[in-house]
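**Q** Using the hints, position chain B against chain A.
For the record, the sequence lines run as chains A and B. Using our numbering, read the first sequence as starting at 387 and increasing by one per residue. Using our numbering, read the second sequence as starting at 387 and increasing by one per residue.
Don't take every hint at face value.
[To be verified] Using 35 Å as the maximum straight-line C-alpha spacing, the simulated DSBU-like pairs for lysine-lysine come out as follows:
1) K452(B) <-> K580(A)
2) K398(A) <-> K580(B)
3) K398(A) <-> K452(B)
4) K642(A) <-> K580(A)
5) K642(A) <-> K398(B)
6) K398(B) <-> K580(A)
7) K452(A) <-> K452(B)
8) K398(A) <-> K398(B)
9) K674(B) <-> K642(B)
10) K674(A) <-> K642(A)
11) K398(B) <-> K674(A)
12) K452(B) <-> K674(B)
13) K452(A) <-> K642(A)
14) K674(A) <-> K452(A)
15) K580(A) <-> K452(A)
16) K642(B) <-> K398(A)
17) K674(A) <-> K398(A)
18) K452(A) <-> K398(A)
19) K452(B) <-> K642(B)
20) K398(A) <-> K674(B)
21) K580(B) <-> K452(B)
22) K398(B) <-> K674(B)
23) K674(B) <-> K452(A)
24) K398(B) <-> K452(A)
25) K452(B) <-> K674(A)
26) K642(B) <-> K580(B)
27) K452(A) <-> K580(B)
28) K398(B) <-> K452(B)
[Stated by the list, open to error] Interface residues of chain B toward chain A, partial, derived using beta-carbon atoms under 8 Å:
29) K398
30) A399
31) K452
32) G650
33) T660
Just so you know, the hints here were simulated from the structure itself, not pulled from any lab data. As the structure is a prediction and not an experimental result, all values here were calculated from the model. Positions of the beta carbon are idealized from the N, C-alpha and C atoms, including for glycine.
2 protein chains.
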Amino acid sequence: MMTTLETLSTNKAFGGVQGVYRHDSGETGTAMTFAVFVPDHDPGETLPVLWYLSGLTCTHANVMEKGEYRRACADERIIFVAPDTSPRGPAMDGQPVPDDADGAYDFGLGAGFYVDATVEPFARNYRMRSYIETELPAIVGAHFPADLAAQSITGHSMGGHGALTVALRNPNRFKSVSAFSPIVAPSQVPWGVKALGGYLGTNDFETWAQYDACALIAAGARLPNLLVDQGDADQFLDEQLKTDLLREACATAGMKAMIRMQPGYDHSYYFISTFMDEHVRWHAARLKS
Amino acid sequence: MMTTLETLSTNKAFGGVQGVYRHDSGETGTAMTFAVFVPDHDPGETLPVLWYLSGLTCTHANVMEKGEYRRACADERIIFVAPDTSPRGPAMDGQPVPDDADGAYDFGLGAGFYVDATVEPFARNYRMRSYIETELPAIVGAHFPADLAAQSITGHSMGGHGALTVALRNPNRFKSVSAFSPIVAPSQVPWGVKALGGYLGTNDFETWAQYDACALIAAGARLPNLLVDQGDADQFLDEQLKTDLLREACATAGMKAMIRMQPGYDHSYYFISTFMDEHVRWHAARLKS
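Here chain A stands alone, though its shape is the one from the complex (with noise of 0.2 Å):
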């Protein structure tokens, strides 16, 4: 069955079509929202995607207004697709989603964390996982000229965290993997173990571990093409992100990854928008050969 796809804008830029989309979702079971660029190409030729998954608080909207990624996207005739981070407002069965109920921005709406929640009230629609890796990518592949042999994907902080995860569950999936400022071990740290505790249960260790990047490749799983940039300024550095930990991880695993270090930036936008053309540039590299 072909979903319903609203457009809810299009605007011309770099040459191509940056267009905001929403549908009704049945692993959220709520409307769900999403950006996609399009760039120019020719009749029936098909792209390949590069997926971004943004960080706590955001929507589709903070990386198509600040990332910069259009031009470097048109250059190397990429799709670039910008899901949501949570289920947002009422639920098509007319319930309300539950939010955090505290006012949190680190769980509940705009906090998913990627994950399928098993503990109630939000086990019926935090189901971002498989949002990300099963239903978004078939409407993708069914609304735009994406080629779905050729997929990449980043993120930024929790997005970070989530294309991680996501990759590492589906290594044959993706071509590359890279991550701006990612969470890479939420069991160990304050943001990831009121999410995981949150959706998961407090006490559900294995499940957890599903989610967790550091934890998916002690437990085997392997990325060829990983690549971290991190801000040695950025205030969640010490307490949340711990970037030495995925270095660990990898050493230990003897997996090759390059995690650099950026002196003096932190973690805005004004961050990532400084390393997204390298990073499209070094995903279209490896989605192409």
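**A** Frame of chain A, contents of chain B only:
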């Protein structure tokens, strides 16, 4: 006297520093906020300055977030300055700054039109011409490594009008002038008639002519280097922007100008960001010649 500058934020980006600053303005009688990007540079080096004047409803933040100018400015070592579009907030004497009173987006707050108002209640605070032409350049020169002998100016929509008219009144100050989707003849279009009438009086056409690019050209003002990009899918083109009036004014005056219609582009920052890199590099060539 050295104006005190309050630093609201700084973020490292593209090797330089994107900052946001606030100061008490003698011209507007209010606190004014502006953004400056200073590329990486050598100790003691001063850099050319590119001014960017924003459009209706904008602050310094819109272009800072969506304009995609930092890569080219960093490459070309050009300082990029983005002022606000009107006085805002309480005046320094405690009086409220007059708004448009009816919530309109095209008059009052966010819509200063780069004029020195002569009509009450706007005359005290709406002094954006003097702020942009005199006060802010002195502040930029005093607080940043700016070479004020090398300035260029650009802007969008109302800010394109601002860039054109500031430059036409000060032709020796700027090495080059460009605009994205500018209002070229405010005396002849609804936005302009409302603003010039409201700030300058409904019958003071002599003063209006100082704030109308086409009228200034007709009266003899000339610019040696002028570049305009205009999307042909811009919803404001036919009623408010009327690019052809600028083309005709230049032709009548025998003034060379590069005025380009860009097929399929609209009035948004998706358009601006697409051509920003080219504008920065076009200015750079003239700033350094």
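**Q** For each hint, tell me whether it holds in the structure or not.
**A** Hints, verified against the model:
1. K452(B) <-> K580(A): Given that 35 Å is the threshold and the Cα spacing comes to 33 Å, the pair holds.
2. K398(A) <-> K580(B): 30 Å, holds
3. K398(A) <-> K452(B): 15 Å, holds
4. K642(A) <-> K580(A): 30 Å, holds
5. K642(A) <-> K398(B): 29 Å, holds
6. K398(B) <-> K580(A): Holds. K398(B) to K580(A) sits at ~30 Å (cutoff 35 Å).
7. K452(A) <-> K452(B): It holds: about 6 Å lies between the C-alpha atoms, which stays within 35 Å.
8. K398(A) <-> K398(B): 29 Å, holds
9. K674(B) <-> K642(B): Measuring from Cα to Cα gives roughly 21 Å; hence the hint holds.
10. K674(A) <-> K642(A): Measuring from Cα to Cα gives roughly 21 Å; hence the hint holds.
11. K398(B) <-> K674(A): 32 Å, holds
12. K452(B) <-> K674(B): It holds: about 26 Å lies between the C-alpha atoms, which stays within 35 Å.
13. K452(A) <-> K642(A): At roughly 30 Å apart (the allowed maximum being 35 Å), K642(A) and K452(A) satisfy the hint.
14. K674(A) <-> K452(A): Given pair K674(A), K452(A) holds - Cα atoms ~26 Å apart, limit 35 Å.
15. K580(A) <-> K452(A): With Cα atoms ~28 Å apart, K580(A) and K452(A) stay inside 35 Å; holds.
16. K642(B) <-> K398(A): Holds. K642(B) to K398(A) sits at ~29 Å (cutoff 35 Å).
17. K674(A) <-> K398(A): Holds. K674(A) to K398(A) sits at ~25 Å (cutoff 35 Å).
18. K452(A) <-> K398(A): Holds, at about 16 Å.
19. K452(B) <-> K642(B): Between K452(B) and K642(B) the Cα gap is close to 30 Å, so the pair holds against 35 Å.
20. K398(A) <-> K674(B): 32 Å, holds
21. K580(B) <-> K452(B): 28 Å, holds
22. K398(B) <-> K674(B): 25 Å, holds
23. K674(B) <-> K452(A): Within the cut-off at roughly 29 Å; holds.
24. K398(B) <-> K452(A): 15 Å, holds
25. K452(B) <-> K674(A): 29 Å, holds
26. K642(B) <-> K580(B): Answer holds: K642(B) to K580(B) is near 30 Å, not above 35 Å.
27. K452(A) <-> K580(B): Since the Cα atoms of K452(A) and K580(B) sit roughly 33 Å apart, the hinted pair holds (cutoff 35 Å).
28. K398(B) <-> K452(B): 16 Å, holds
29. K398: 4 Å, holds
30. A399: 4 Å, holds
31. K452: Holds, about 5 Å.
32. G650: 4 Å, holds
33. T660: Holds. Min distance 5 Å.
Figure legend: structure checked against the earlier numbered hints; every hint is met.
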